[in-house]
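So the sequences go chain by chain: X and A.
Going by numbering that gives the first Met the number 0, the first sequence opens with residue 0, and the numbers climb by one from there.
Going by numbering that gives the first Met the number 0, the second sequence opens with residue 0, and the numbers climb by one from there.
It is worth saying that the hints were derived from the structure and are not from the lab.
Take the hints with a grain of salt, since some may be wrong.
The calculated DMTMM-like cross-link candidates involving lysine to aspartate or glutamate, where the alpha carbons are at most 20 Å apart (straight line), are [what the hints assert, rightly or not]: (1) X:Lys354 <-> A:Glu227; (2) X:Lys354 <-> A:Glu223; (3) X:Lys319 <-> A:Asp171.
Chain residues, written in single-letter form:
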Amino acid sequence: MTVHQAISTGTTGEVVMKARDVAKHYGAVKALKGVNFDIHRGQVTTLFGENGAGKSTLMKILSGIVTPTHGEIILDGEPVTFHGANDALARGVSIIHQELALAPNMNVRDNIFMGREIRTARGVNFAEEERVTRELMLELEEDIDPLTPLEELRLGQQQIVEIARALQAKSRILIMDEPTSALSASEVEVLFKVIRDLKAKGVSIVYISHHLEEALEITDHAVVLRDGEMTAYAPRAEIDLEWIVRNMVGENFDLGSPPASEMGAPAFSVENLCVPDPSGHGLVVDHLSLEVKAGEIVCIYGLMGAGRTEMMETAAGRLKSTGGAVKLHGQDISGLSIAERINAGLVLVPEDRQKDGLVQTMTVGQNLSLASIGAFTRGLFTSRKAEAKVVDDSIREVTVKTDGGAAMIGSLSGGNQQKVVIGKMLATQPEVILLDEPSRGIDIGAKAEVFKLLAETAKNRGLAVLYSTSEVGECLSVAHRIIVMHRGRISAEFDHTATKEQIMAASGEAVH
Amino acid sequence: MADISTSKPAGGGVNMNIGKILLEGRAFFALVAIIIVFSILSPVYFSVGNFLIMSSHVAIFGLLAIGMLLVILNGGIDLSVGSTLGLSGVIAGYLMQGVEIPSAGIILYPPVWAVVVLTICLGAFVGAINGVLIAFFKVPAFVATLGMLYVARGVALLMTNGLTYNNLGGSDALGNTGFDWLGFNRIGGVPIGVIVLAIVALVIGLVLARTAFGRWLYASGGNERAAELSGVPTRSVKISVYVLSGICAAIAGLVLSSQLTSAGPTAGTTYELTAIAAVVIGGAALTGGRGNVRGTMLGAFVIGFLSDGLVIIGVSAYWQTVFTGAVIVLAVLLNSLQYGSKGR
Numbered sequence: 000m001t002v003h004q005a006i007s008t009g010t011t012g013e014v015v016m017k018a019r020d021v022a023k024h025y026g027a028v029k030a031l032k033g034v035n036f037d038i039h040r041g042q043v044t045t046l047f048g049e050n051g052a053g054k055s056t057l058m059k060i061l062s063g064i065v066t067p068t069h070g071e072i073i074l075d076g077e078p079v080t081f082h083g084a085n086d087a088l089a090r091g092v093s094i095i096h097q098e099l100a101l102a103p104n105m106n107v108r109d110n111i112f113m114g115r116e117i118r119t120a121r122g123v124n125f126a127e128e129e130r131v132t133r134e135l136m137l138e139l140e141e142d143i144d145p146l147t148p149l150e151e152l153r154l155g156q157q158q159i160v161e162i163a164r165a166l167q168a169k170s171r172i173l174i175m176d177e178p179t180s181a182l183s184a185s186e187v188e189v190l191f192k193v194i195r196d197l198k199a200k201g202v203s204i205v206y207i208s209h210h211l212e213e214a215l216e217i218t219d220h221a222v223v224l225r226d227g228e229m230t231a232y233a234p235r236a237e238i239d240l241e242w243i244v245r246n247m248v249g250e251n252f253d254l255g256s257p258p259a260s261e262m263g264a265p266a267f268s269v270e271n272l273c274v275p276d277p278s279g280h281g282l283v284v285d286h287l288s289l290e291v292k293a294g295e296i297v298c299i300y301g302l303m304g305a306g307r308t309e310m311m312e313t314a315a316g317r318l319k320s321t322g323g324a325v326k327l328h329g330q331d332i333s334g335l336s337i338a339e340r341i342n343a344g345l346v347l348v349p350e351d352r353q354k355d356g357l358v359q360t361m362t363v364g365q366n367l368s369l370a371s372i373g374a375f376t377r378g379l380f381t382s383r384k385a386e387a388k389v390v391d392d393s394i395r396e397v398t399v400k401t402d403g404g405a406a407m408i409g410s411l412s413g414g415n416q417q418k419v420v421i422g423k424m425l426a427t428q429p430e431v432i433l434l435d436e437p438s439r440g441i442d443i444g445a446k447a448e449v450f451k452l453l454a455e456t457a458k459n460r461g462l463a464v465l466y467s468t469s470e471v472g473e474c475l476s477v478a479h480r481i482i483v484m485h486r487g488r489i490s491a492e493f494d495h496t497a498t499k500e501q502i503m504a505a506s507g508e509a510v511h
Numbered sequence: 000m001a002d003i004s005t006s007k008p009a010g011g012g013v014n015m016n017i018g019k020i021l022l023e024g025r026a027f028f029a030l031v032a033i034i035i036v037f038s039i040l041s042p043v044y045f046s047v048g049n050f051l052i053m054s055s056h057v058a059i060f061g062l063l064a065i066g067m068l069l070v071i072l073n074g075g076i077d078l079s080v081g082s083t084l085g086l087s088g089v090i091a092g093y094l095m096q097g098v099e100i101p102s103a104g105i106i107l108y109p110p111v112w113a114v115v116v117l118t119i120c121l122g123a124f125v126g127a128i129n130g131v132l133i134a135f136f137k138v139p140a141f142v143a144t145l146g147m148l149y150v151a152r153g154v155a156l157l158m159t160n161g162l163t164y165n166n167l168g169g170s171d172a173l174g175n176t177g178f179d180w181l182g183f184n185r186i187g188g189v190p191i192g193v194i195v196l197a198i199v200a201l202v203i204g205l206v207l208a209r210t211a212f213g214r215w216l217y218a219s220g221g222n223e224r225a226a227e228l229s230g231v232p233t234r235s236v237k238i239s240v241y242v243l244s245g246i247c248a249a250i251a252g253l254v255l256s257s258q259l260t261s262a263g264p265t266a267g268t269t270y271e272l273t274a275i276a277a278v279v280i281g282g283a284a285l286t287g288g289r290g291n292v293r294g295t296m297l298g299a300f301v302i303g304f305l306s307d308g309l310v311i312i313g314v315s316a317y318w319q320t321v322f323t324g325a326v327i328v329l330a331v332l333l334n335s336l337q338y339g340s341k342g343r
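Go ahead and model the full structure; you've got the sequences and the hints to work with.
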């Protein structure tokens with residue numbers, strides 16, 4: 000038995016799978032607004048787009064994890080409805096997630112056959128499984144023993160195992176979400192070689208990456224998404240890096256400009272900050288120093304894993320640093336708890352508002368007032384009147400569109416939920432506000448409103464604002480200064496007159 | 000992102016509203032139905048006297064359930080309350096018998112108020128051990144309190160050598176009478192145990208609705224990470240709920256041993272499960288963040304009035320167990336109906 004009998008029938012380049020007007024709505028949020036594109040046999044189609052553009056939603060639809068609100072998927076000329084990921088897998092579509100879905104405690108063979116073991120009357124046929132695994136590894140030209148525990152393999156090799164798992168299931172369409180994000184340069188070379196081999200065997204690949212140039216090297220077609228819509232679709236021959244960036248970022252939608260605020264003394268600074276990598280070796284934040292003045296807005300640009308989130312969470316007191324200082328008005332606050340830092344005037348708006356920002360079981364008002372309960376507590380008890388005032392003021396200040404403070408938080412759209420998280424922290428009357436990806440997963444109109452809000456608070460309240468983003472267009476909006484982070488360090492610093500190309504180059508994203 | 004809103008019920012027809020009212024007030028309607036059914040089946044069920052007797056039974060579970068509610072709101076569980084109840088009763092009995100101090104050659108008979116305070120302190124101490132294990136040493140609540148279930152029960156058995164302290168009445172000569180007041184006396188016809196329950200319920204209800212601590216508890220139960228980043232002292236909140244649960248169990252232990260005028264080391268066995276059932280029937284979510292005292296009280300009364308009703312009409316104790324189990328499963332089923340539509 001060879002592993003790929005089923006794959007290589009049909010001619011290269013013919014369309015195997017189509018998305019027709021595919022849309023996905025989550026309540027009021029339109030994650031995807033009607034997307035059309037084709038997947039060609041034996042070719043790579045890359046999805047480009049910023050965070051929140053709808054790439055992952057689209058991927059989940061193609062792989063059967065999510066059912067589209069409307070529109071259809073056409074496989075081999077016939078409309079199909081996938082009933083879950085296993086159904087899609089049975090029809091030859093498999094997905095490799097950014098976070099690998101393998102069991103580290105099991106060996107390579109058992110991982111490849113997990114959930115679809117070769118069963119006989121006397122149990123699992125391990126010998127046959129091992130033989131097939133060897134064959135797959137031979138085919139992928141990777142020298143991995145089938146009995147090696149997965150956790151002993153390097154990340155690149157684990158990825159190969161994941162690919163082998165997809166091949167074992169006779170997948171004709173392989174969706175890869177950011178497969179290179181954790182790989183070293185040499186591992187990327189190996190992966191690309193494997194991808195080319197797969198193409199030659201007639202496997203179609205849907206590829207997603209933030210590393211634009213890397214993706215251009217391997218892709219045959221490019222699809223660009225922005226805010227849930229497909230903005231461009233073209234074969235590789237007709238496109239270049241600039242084309243992708245232009246379509247990703249859009250024709251300069253006005254996200255505001257730096258406010259003419261009066262800058263005061265440095266309000267917030269970190270000095271030589273070091274944060275260890277959770278895996279135990281190396282630093283995610285590596286001797287980093289920066290400062291933000293009162294009334295100033297500073298943007299941190301960097302790719303995922305650049306250390307932005309870790310820097311901010313350390314400053315806010317959630318993570319422990321191994322060295323360096325976090326200072327508020329020149330005073331070291333490293334020893335304070337989160338609550339003490341909030342009282343001192345330093346607040347963080349976390350990146351993941353579902354996981355870290357909102358309490359889903361509470362109302363809009365209770366979420367808004369959560370960080371400033373002390374302000375409306377009279378003696379032992381909270382004052383309803385004083386709380387209502389805090390809530391109403393917040394709703395007005397951050398312009399949340401809601402039926403009132405008593406509405407459940409889940410009834411709001413993503414953008415309004417984000418405003419609630421920001422409003423909650425602003426209600427504590429801070430002097431420094433850190434925002435980790437404040438524009439993540441919200442639509443362009445809400446983005447503009449969030450940035451306008453930041454500009455106003457910096458100007459009117461003299462607030463020091465530090466926000467991070469992985470969308471280059473958002474660096475050049477309200478920020479007075481742009482700091483680019485790469486692997487835990489500051490790789491460049493610009494004022495607001497910088498160009499997108501300069502910023503992207505410094506992040507290690509586009510140009511080598 | 001599945002939590003982005005089922006927006007308000009579109010249309011809002013009358014049927015839908017009735018369904019919604021029935022669903023949200025289910026514990027209340029269940030209680031009304033239980034009272035109606037048993038009143039028809041038994042002539043003695045529907046009387047003030049019987050309601051008060053049944054309520055004094057409910058008081059024990061009710062006290063445990065209020066403590067349990069706090070823990071469950073925090074997203075935890077406290078399996079040790081039944082054992083803590085038993086241990087508290089034994090400690091109270093031990094103190095009432097007099098503490099012998101061999102070096103001084105005297106026997107100390109603490110007054111009843113001191114017995115009550117010391118017993119409550121013991122409950123708080125047991126809860127604090129649970130809380131510290133869970134909040135600081137990250138022991139899963141289920142495991143930590145399961146361990147405490149055994150340890151507290153074991154200590155109670157060791158202290159009494161498996162025997163029961165009888166004769167908790169005290170004597171005038173020793174100045175320690177009045178322990179049975181808690182269990183036997185009535186104020187305006189209402190048993191003291193029921194009054195204790197009402198006071199605890201009111202206080203905790205007020206704490207939950209109107210204090211910063213209450214808000215912190217709901218927030219850290221709903222989303223601990225978000226609460227922590229909003230400056231909520233999530234660890235202190237966590238320890239506090241287990242301490243409060245221990246205190247509630249100690250109070251229940253005092254009331255129970257006073258009602259029985261005896262303190263046995265096996266008192267309160269499996270009561271923790273009844274307490275959890277009352278909280279769940281009252282509409283609280285075991286995942287934390289949802290629930291209130293009113294619901295939990297209704298839940299406790301549903302269980303108490305149901306099982307006492309079954310006794311009154313002469314149904315076998317085995318059937319009572321089956322009925323109680325069915326009610327619990329039904330309640331959880333309805334909970335998932337109510338919260339399931341909202342997503343997590």
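Outcome of the hint check:
1. X:Lys354 <-> A:Glu227: holds (12 Å)
2. X:Lys354 <-> A:Glu223: Distance ~9 Å between Lys354 of chain X and Glu223 of chain A Cα, so the pair holds.
3. X:Lys319 <-> A:Asp171: Violated, at roughly 61 Å.
Violated hint for the displayed structure: number 3, the only one.
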